[in-house]
Amino acid sequence: NAGVTQTPKFQVLKTGQSMTLQCAQDMNHNSMYWYRQDPGMGLRLIYYSASEGTTDKGEVPNGYNVSRLNKREFSLRLESAAPSQTSVYFCASSLYRTAENTDTQYFGPGTRLTVL
Amino acid sequence: AQRVTQPEKLLSVFKGAPVELKCNYSYSGSPELFWYVQYSRQRLQLLLRHISRESIKGFTADLNKGETSFHLKKPFAQEEDSAMYYCALIRAGSQGNLIFGKGTKLSVKP
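In order, the protein sequence lines correspond to chains X and Y.
Under the numbering used here, think of the first position of the first sequence as 1, with each following residue one higher.
Under the numbering used here, think of the first position of the second sequence as 1, with each following residue one higher.
No lab work stands behind these hints, which were simulated from the structure alone.
One or more of the hints may lead you astray.
[Said to hold, decoys possible] Computed beta-carbon distance windows for the label pairs:
(1) Y:Q42 to X:P8: 11 to 21 Å
(2) X:D56 to Y:Q45: 34 to 44 Å
(3) Y:S26 to X:G40: 17 to 27 Å
(4) Y:Q78 to X:S51: 37 to 47 Å
(5) Y:E8 to X:M19: 33 to 43 Å
(6) Y:E20 to X:G16: 38 to 48 Å
Think of the CB as a built atom: it goes at the ideal place given N, C-alpha and C, for glycine as much as any other residue.
Produce the complete structure using the sequences and hints provided.
Listed below in structure tokens is the structure:
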């Protein structure tokens, strides 16, 4: 049971290049999330997926796209990277049940992205 | 607007001293609050959640609705408690989306 895995761990891009960050979970969770972590800003939600086949914007979605490929996988794509997207990206998942409005999120190890 | 405020960016204490990491929130209903911790070179993980009222690694947090606070406390800090701590709440009607504070870095000196 690996939990939440992310690839790659590190990436350097030039401005304008594109890339996809991969995330997978093996806990049979319904919900998956992408955050970015910047110094002094905490974690901010980029996109989330409440269930397979659905995705919604979070707090900072501009410049990103996502795909919920299946229940296990949730990818984040940068179509044209910008220096402002230099950050650490975290994927998370949770079982989340609407009726209870509470659940624990499990995080991946993060991807450190630098855009030059 | 729903918001989580952690007023201290950095908190430094000596080993054995009490520690309190402050968290204040802005929320119009009954909040569901969490503390997450990130140790050096490790992933973010749940430390404790309001609804379970448990104590993890000696840490406790009490919800004070009057002061809209959820401060994290430990009576005797240990060096291994040095980490980044984030307070968070679930955004109402959001399918479990968390709103995070900006975090407090706790440094416990020997």
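Status of the hints after comparison with the structure:
1. Distance hint for Q42 of chain Y and P8 of chain X: a CB-CB separation of about 18 Å, consistent with the stated range 11 to 21 Å.
2. In this structure the hint that D56 of chain X and Q45 of chain Y lie 34 to 44 Å apart at CB is violated, the actual value being about 25 Å.
3. For the hinted restraint 17 to 27 Å between S26 of chain Y and G40 of chain X, the CB-CB distance of approximately 19 Å keeps it satisfied.
4. Our hint of 37 to 47 Å for Q78 of chain Y and S51 of chain X holds, since their Cβ atoms are close to 41 Å apart.
5. The hint said 33 to 43 Å for the Cβ distance between E8 of chain Y and M19 of chain X, and at roughly 36 Å that hint holds.
6. Separated by about 47 Å at the C-beta atoms, E20 of chain Y and G16 of chain X satisfy the suggested range of 38 to 48 Å.
Going down the numbered hints, you'll see the structure goes against just number 2.
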